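If you read the protein sequences in the order shown, they are chains A, B and C.
At position 86 of the first sequence the residue is numbered 86 (UniProt numbering), and the sequence of numbers has no breaks.
At position 36 of the second sequence the residue is numbered 36 (UniProt numbering), and the sequence of numbers has no breaks.
At position 127 of the third sequence the residue is numbered 127 (UniProt numbering), and the sequence of numbers has no breaks.
Since the hints were made in silico from the structure, they are not lab data.
Predicted model only: the values in this text are computed from it and were never measured.
Treat the hints with care, as some may be off.
Computed list of lysine to any residue pairs in SDA-like fashion (alpha-carbon distance at most 20 Å, straight line) [claimed, not checked]:
1. C/Lys233 - B/His307
2. C/Lys4 - C/Asp207
3. A/Lys179 - C/Pro112
4. A/Lys229 - A/Asn257
5. B/Lys86 - C/Trp88
6. B/Lys86 - A/Gly283
7. A/Lys122 - B/Asp116
8. B/Lys30 - B/Ala107
9. B/Lys86 - A/Leu149
Given next are the chains, with one letter for each unit.
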Amino acid sequence: MTITEYFQLLFTDYTLRTITLGTAVLGAICGMLGSFAVLRKQSLLGDAISHAALPGIAIAFLITGAKDTNVLLLGALISGLIGTFWIKGMTTKTHLKSDTALGLVLSLFFGFGMLLLTYIQKQPNANQAGLDKYLFGQAATLVVSDVWLMTFVTGLALIILLLFWKEFKLMLFDADYTKTLGFNTRFIDITITFFIVLAIVLGLQTVGVVLMSAMLLAPAAAARQWTNKLSVMVFLAAVFGAFSGVFGTAISATQNNLSTGPVIVLVASVFVAFSFIFSPGRGILFRQLRFRKNRRELELKKTLQMMFGIAKTHENVSHPHSIKILNNFQGFTKKTIREIEEKKWITITGQEWALTQKGFDEAENMFNKSSDDE
Amino acid sequence: MSSPQIEIQIIAAVVAVACAIPGVFLVLRKMALISDAISHSILPGIVLGFFITQDLNSPLLIILAALSGVITVVLVERIQKTGLVKEDTAIGLVFPALFSIGVILIAKNANDVHLDVDAVLLGELAFAPFDRLIMSGVDMGPKSLWIMGVILLITITLLLLFFKELKVSTFDIGLSSALGFSPVVLHYGLMTISSITVVGAFEAVGAILVVALMIAPAATAYLLTSELKRMLFLSIFFGIFSAISGYWLAHWLDASIAGSISTMLGFVFLLVYLFAPSKGLISVMYRQKQQRTEVSLLTFLLHLNNHTEEEERHINHLREHINWQKIRANTVVDLALKNNMISVEKELVSLTEKGKNFTETALDYIITNKDEKIEHLKEDFFLFRG
Amino acid sequence: MNQKIAIQVDDLTVAYNYKPVLWDIDLIVPEGVLMAIVGPNGAGKSTLIKSILGIIDPIAGSVTIYDKPYAKQRKLVAYVPQKGSVDWDFPTTAIDVVMMGTYGSLGWIKRPGAKEKKASLEALEKVGMLAFKNRQISQLSGGQQQRVFLARALVQNASIYFMDEPFQGVDATTEIAIINILKELRKAGKTVVVVHHDLQTVPEYFDWVTFLNVKKIATGPVKDIFNDDNLTKTYGINYKVAVSK
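Take the sequences, apply the hints, and build the full model.
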């Protein structure tokens, strides 16, 4: 199956449509809530939470013996929340730093989860197969009810988000100030954290424990580069997330033997790399170009200064001078002269140049300007 | 115990020690999560190295993979420098991308690469004894033991050689550059050693559990001591203990060895986290409660010291005015009485000579910002003994 | 002096991690003063403001704003936190930050409308930042950021203003602009409390001062109590170094 075939099938094949819809919704909710995680400097919390969810899945399976996704996800939610609160507890009650706390919860919970998973695999229980998909995600296993659940949670998150938009924004920017205005910051904090954990848990089946955090971060980090408005950022992150989900699933569905998680993450990473380089406001490329342009401007101005120095000696500033006088000035080239002429700072007639009034003002301004620029 | 069993335990112990040593420095330098990033991002390096060498135990592969670990660190630092995203986001963006590339490379070349994704996450410690190093027909033992042994030896040598430098640069970067040790060299040296260790340990315990072996022993030790040498020894001990006991747990449950080792690490950490003498949760909570009383007592004495007016010293005032329902006024008054800090006459509380003395000294210490001296103070005045 | 009492602090003790930072502070701030809180680093100046504002829970003691607890008088109080306490790379614009000042009076869920927007624009104009209203906050200079913060507090239209080191890292123009606004506020009968570092400018900028070093050293009119004696008590014998800094 090629990618084009995939998208053709999308309109006819029911299963394919379900899967695609599922990953799109998942990408959207992850991007949306991931923006908050990124802005709260909790980027790596997602990594810890997703790993911490693994033992929950295994224990839920051991208790119920069933493969019902919702039960497993409930287990994941509970153990993810335990991990989250333990991280908070460790950093407030002991002198362990947050990076250590995150790393501990991440690796220890995951290790315990792996112990349980390998234990389950050895059990004579026909149902056991399928827990593996939670490691790297298998979008193909999504069924309609999963998609409904995702859509429901996304809708709920969206409503909460719109309802408390103002409070969330305030809290993200300035928590202390939020408190002085009389808002219950604890409530806001717990709500945001809860929804982030929920989004992670929902993504485990599709993206997997190991790479879920990237699903949360990458769309948000990409979106941040294109806008300076929180609302636009959240919206863009949702769009990027949805696209990563759909493209990732499409690519992995058309290849044999590929888990969805890594592919989705790579697609999202491409979004990030592209945004880092090409975003007009913050991107590296345009920053470089602006830097070059500024330097060029500086060179031009230096030449203009030089001309100003010569022209100043005459009563009439527009008195023509020979271009040759400039020859012993470093950095002056024919190109510089032409560019200065284009800026209408000088006029050139034959082998002579003359400062214009505009050029004179510009040069004079440079002296005054340097002091009041902050 | 069969000999493969013994060999597995020895390998596990060596891996644990090799991970614990750089782990201590990562934890102290607040870079614990770098080990997470490295352990994931060496995967493409390992796969590419495997294409070239066709041997998972080749030193060249280890060097290539370790290089990709160092590249990760550099890449993360580069992204941080652009200021486009926050520091931790940079880590969170780089390693999943590299890890994904690795996983996809494995999947796309499944026929050529004898690495499967489970092994990537979990390692294959159980199979380690079967890949033997045979030199001119003589069986020298398992290959991975040799590899980890060499890595451990290098780590220990470097540790001994640069112990002083590492110590100074970990606790005081400014001082270390003033003394002429380049923090940059030490930083990348540590990153290189960590990368090499992770690559070596990777095959045995997998990508994520290597993080557990690095961070957990160090974090556990950190809750028991702040002294660097003791911390190193303790984390080595916790590492070995968890490795051996983890092996037997796995044996008993017939489950993954690496999973069991990290479960044991987690168990040991949890115990220490709860019960460590001065930094454990229970002791911290107890001390906070006690300190609350101490601070309240000092507040109370200071209040008496500040106010000569009778109404401020009336015993009822203490309940109403100072908002004392929070702090069990009676406990505080009792404590002060027991220590002969105050005397109560006709419902008026006043400071005794000893109380006055105590308050002034205490205040002195606090204003000069040396609150640890309060501990001496308590001893000097026999506070909380009677 | 028959002034009303704006802020009354009684026997306030605050501890971070149960280590005492403020001890048994009694403080009365009369209405309509422009007060500086001065003291060495670690003296608890910011902590005092934060515990008056309920950001930090004190261990003992009480605070009243016009005779009622802070929680009941929130709308009378505006706060300008330290500039360094927030992430200036946050995706938002100057006008958006100023609008945040209106959130408190709006309460939960309700969104700011045209009225709030107009007030915010006026506040921006007052601090001379109207031209930058749609500027991303990371692209403002330190002084401009501080002015945006001040505008946010002005929008709250409060009676008492608390400011945490508003002159830290700002240019001379901004410093003058801010102090002029503060003096205007005082003229309008508002009370302003400022955590301040530069001892030299105290007599010029303020009319009231509190010396603080874990406990309160002195409080009162600048002309009466801003003297060597109190400076020595607060900063130790090295206070002259602190002044000339």
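Going back to the hint list, which numbers does this structure go against?
The structure conflicts with hints 4, 8 and 9, although it agrees with all the remaining ones.
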